[in-house]
Amino acid sequence: MDIMTDKNQPVVEHLPHERTVNLFGYLILGIAVALSVFQIWQGVSSTISATYFRPIHLCWVLILIFLHYPLITNRKSSFYLAGRVIDLALCGLIVFAAYRMSIFDYNDINHLFYGLQLPDMIAGCSLLLLLMEGCRRTVGWVMVLIAVLFLSYSAFGDLLPSGFAIKSYSLQELIQFQIFSANGVFGSALGIAATTVFIFVLFGAFLEVTGAGKFFIDLAFSIAGKYRGGPAKAAVLASAGLGSISGSAIANTVTTGSITIPMMKKLGYKPEQAAGIEAAASTGGQIMPPIMGAGAFVMAQFTGVPYSEIMLASIAPAILYFFCTLLYVHLMACKLDLKAVSRTEAVISVMKDGAHHLIPLALITTLLMMAYSPLLVGVAGCAAILVTAALRKHSRIGLKKFIEGMKNGALMALPISAACGAAGIIVGVVGQTGIGLQFTQFVMDFSGGYMLIALGLISLVALVLGMGLPVTAAYIVLAVMAVPMLSDFGLPLLTAHLIVFWLSQTSNVTPPIALAAFAGAGVANANPMKSSVEAFKLAGGLFIIPIMMAYTSLVNSDAGFADLTFSIIQTLTIIMAIAVAIEGYLLRPLTGIERLLAFFTIPLIMLNPFGVGFLGIVIMLGLILVQWKGRGRINQS
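Read in numbering that gives the first Met the number 0, the sequence shown has 245 at position 246, and its numbers run on one by one without any break.
Hints listed in this document are in silico derivations from the structure and should not be mistaken for laboratory results. What you are looking at is a predicted structure, and each value in this text was computed from that prediction instead of being measured. Hints are not guaranteed to be accurate.
Mimicking DSS-like on lysine-lysine, the simulated pairs with C-alpha atoms at most 30 Å apart in a straight line are [claimed, not checked]: (1) K529 - K265; (2) K536 - K264; (3) K213 - K75; (4) K334 - K264; (5) K75 - K406; (6) K75 - K265.
Please construct the entire structure, taking both the sequences and the accompanying hints into account.
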């Protein structure tokens, strides 16, 4: 960095360990780009079988983690160099573990009878511990503690009371199951993270370096900016388009929020409202087709349902969620009497400069609908974004930008792969010990056989898990525990998984730990807790829509058009009723009686007592009519 002397002459101040940092920077660049190249090559050729590919991927990821996330982060610390030496030593241990797994003969069953050889045992234990450390550095302590808790249950379950006791497993058996099989760390969760999810994260990185991300934001502003509360509505639309591509609600909040939040504050929204709007909208990006969050690809693997079918089933709920968020934004703008932005760029002008960025999205949507493999679709999307970007001079990228995209894609995938590896431990323990059945029985007994109470309990568990786990990891853990119980209530498999998937998103916006809302508060310079309350209110669809999935035909692929339409109308009515009841505003401020009617509509539709739930829709329509007439009288006066 440069500092100025009294004679205004710049003097270069060399930061501590600068040469070491630069050396590691080049090392990280080379390994990250090589990982992206390897992933694309494997995606196209599928040369290496999953048995060996998954360990290679995880070991490569762990090496990058230990290089990119140093043990000692403070460069001014006297222990910084010692920490870097330890990081390199851990990388060497990972290479040793990778070598042992690459030469391990999975077809030889002698290890099941006589145990693992000592070098394999050392490699397995080392990899398990290094995975825990990699998770700690990327996603935090909570994921590590939960994985350790499940491993402890597997090892010492025989010491628990009879209702929870299980046969305990030795260290030898744990390592065989978790490392040297496809049931634990290297199960389906890591498998999908190492293939489809990585490629789509890389696709998102290429969209960013080619300027497509900015195009989506500009397009949203050109469409919604001219309306009341325009920047806030543009934030919702931009997040719908960009959120699923970024793969992270927090990353999307910071990315789009850096543009939308200052504009919302300038327009008149309170800082907490601006942060809450962006957090709620960014969270919705994870449930918006065609590229939903990483958990959706895991869902396809778990359920055996084609991704195209999951995408189709998710369209109506996702649109309803963004309608819910836009409705709150509009009501806030009306209550605050905010005006539209005086000037916005024309849609035609934005499309003229960036319409070619829509080609890759149209391509992957078409290919997914045609039931092509999501992995191959992701590779095709990466190629398409590079080709279409080259069509225009202002979006064309050179070698430097291409390498930056390859590097960023690999680094963005690190937390996902580490979390999915640790989640595999939990999935493995659930299958090995049968604890999932005990959890199902506990919830069934506690709920008294009422599905609404069971859904409430699952929501609480999802909230607690989400406070410390990434969304994908929270979904995986919750799916193996809660889906069997929801299936016992008679829900179809896909419906049960979609409910759990949606509930897993709630931690981003729910106090006391709302990660996306806290990120938005940092951008808005707002109170984090108040921002999370606003986000919770705006993201109410995350709680209401899963309930409607359970009680209506909203995501039931076997339902007819009439049933689906009525389910959408029911959900729309409940969303409107909740929004106007909380905000106290529809077309004008609500009277006390009107507000009570709006509240009464909610349980009437949801519970449908004596089959008269349709009256809730009638009441809401009547309330809108009364408000419209009253608004006319106010305008005349």
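Each hint, compared with the structure:
no.: 1; hint: K529 - K265; in the structure: holds (19 Å)
no.: 2; hint: K536 - K264; in the structure: holds (19 Å)
no.: 3; hint: K213 - K75; in the structure: violated (36 Å)
no.: 4; hint: K334 - K264; in the structure: holds (15 Å)
no.: 5; hint: K75 - K406; in the structure: holds (26 Å)
no.: 6; hint: K75 - K265; in the structure: violated (39 Å)
Figure legend: structure checked against the earlier numbered hints; hints not met, in rising order: 3, 6.
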